[in-house]
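One-letter residues, chain by chain:
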Amino acid sequence: MAFRAAYLIVRDEDDAADVAQDAFVRAYRSLGTFDAGRPFRPWLLRIVTNVALNSTRSSKRRSAATERLARDSERGEHEPPDAALEAAEQSERVWTAVADLPGDDQRLIYLRYFLETSEVEAAESIGRPVGTVKSRLHRALKRLRRVIEDGYPDLLPLATQLLREERHESTANT
Amino acid sequence: MSQQLTPEYGEIDVLLRASARAFAYPKTPNIAARVGIRLDEEARSLTIAASFIERLRAGMARPVLRAAAAVLLVAAVVIASALVVPQSREALADFFGLSHVKIEIGPVLGPPPPILSPGSFAEPATLSSAQERVDFEIRLPVVDGTEMAADAVYVEDRSPGAEVVIAVYEEADFDLYQSANGFFGKGGIPSSDVLLKTDVHGYEAIWISRGGHIASSLDDQGRVVVETLRSVERATLLWEEMGVTYRLETSLSLDEAIRIAESLR
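Here the protein sequences line up with chains F and L, keeping their order. Residue numbers for the first sequence follow the numbering used here, beginning at 23 and rising by one. Residue numbers for the second sequence follow the numbering used here, beginning at 1044 and rising by one.
Since the hints were made in silico from the structure, they are not lab data. Quantities reported herein were computed from a predicted structural model and do not represent experimental measurements. Some clues are possibly wrong.
Straight-line distance between alpha carbons at most 35 Å, and here's what the computed DSBU-like set of lysine-lysine pairs gives [what the hints assert, rightly or not]:
1. F:Lys164 to L:Lys1229
2. F:Lys156 to L:Lys1229
3. L:Lys1240 to L:Lys1229
4. L:Lys1070 to L:Lys1145
5. L:Lys1229 to L:Lys1145
6. L:Lys1240 to L:Lys1070
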């Protein structure tokens, strides 16, 4: 979980390993300040995501993931991708769009969607009440929509189709 | 997760969920082993340092070790002197990595400014009226799940766009400053031994371990707000989180200051 959280933010495998390692060492040193009455995972996630966001702030660089995406896109012009590859590529493009958001928005989206933490855990991880998580997440989605409209407009028809399919399935099940 | 979202954001919600499902993470490396090695190395170097100091103390009578100690002392003096030249100050600021905190090392030159309590340089406010005057979200410490009400709240706004919210906790012995711009500290910070690099929930932080220095706020251009220059009697913890710079002035220990800083909600 710590490595994955770091990877989502720093977008490079080696950097993510360094961030996770650094975060564990900091957590170890800060154990004295940890409130044993509270859950451990959000506390650790908070440290990991803080270290990761600090690390990206000081070193803005073209990520390995973006380069991989560019390579995949070039290759995609010659080879018809299969469904799994296409889904993975779309996933990486959405990930790249999320990276254009402010750090707070990125963190919330990664916590709730990619790491699948509950609202309560996400709230513990960012040190805010659950209500704030809800309102901030809504604002983050609003900003992400704008980023997608401007930079990745081809993802919108896909999103519409996915929503339609989900609603169709839910109607069929009821 | 998406039940309360409008269709417009429902699309983004469903797109994110599909992306998260299809996302290919690299294989997780053995972080635990790396952490173990690093902690072992740190423990070993501390042991080596402690044993070196012990041996140095024990062997001070021997001429060779006396000479070695003299070399170490000269090196320490050179480093301390280097810290007062501007390039070194810059390097030190880089080392601490806080973009909205400026620190100048050196003695207090000339008569120091007065020691002022927030009530004498900032306007009294309520938490809600202070919140209306700043763009960032004001955060307060939480103890046992309950937000600690401040004994008094002030807003310092000597320069447009440079509002500082100050929550005073007289009983608990700390004042918490919050600003979207930052803070400046100078004088009375004789060397880097008074400064400690630490962290608040992973965010880099600076601990000025004693009072006797001069502090002021920075405006939105990063300039010192001269009207807010004052002497500080207590230790100070400075850190930045998501665009807000915090300054905790206290007589409490570093551990207690960090505990307060990490409880902010």
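Going through the hints against the structure:
Between Lys164 (chain F) and Lys1229 (chain L) the alpha-carbon distance is near 43 Å, which puts this suggested pair outside the 35 Å criterion. Pair hint Lys156 (chain F) plus Lys1229 (chain L) does not hold up; C-alpha atoms about 42 Å apart against a cutoff of 35 Å. For a cut-off of 35 Å, the pair hint linking Lys1240 (chain L) to Lys1229 (chain L) stands: about 17 Å separates their Cα positions. Distance check on the hinted pair: Lys1070 (chain L) and Lys1145 (chain L) sit about 41 Å apart at the alpha-carbon level, beyond 35 Å; violated.
Restraint check: the Cα-Cα separation between Lys1229 (chain L) and Lys1145 (chain L) comes to about 8 Å, which is no more than 35 Å; the hinted pair holds. Distance hint between Lys1240 (chain L) and Lys1070 (chain L) is fulfilled; the C-alpha atoms sit about 33 Å from each other, no more than 35 Å.
This entry does not satisfy hints 1, 2, 4, going by the numbered hints stated previously.
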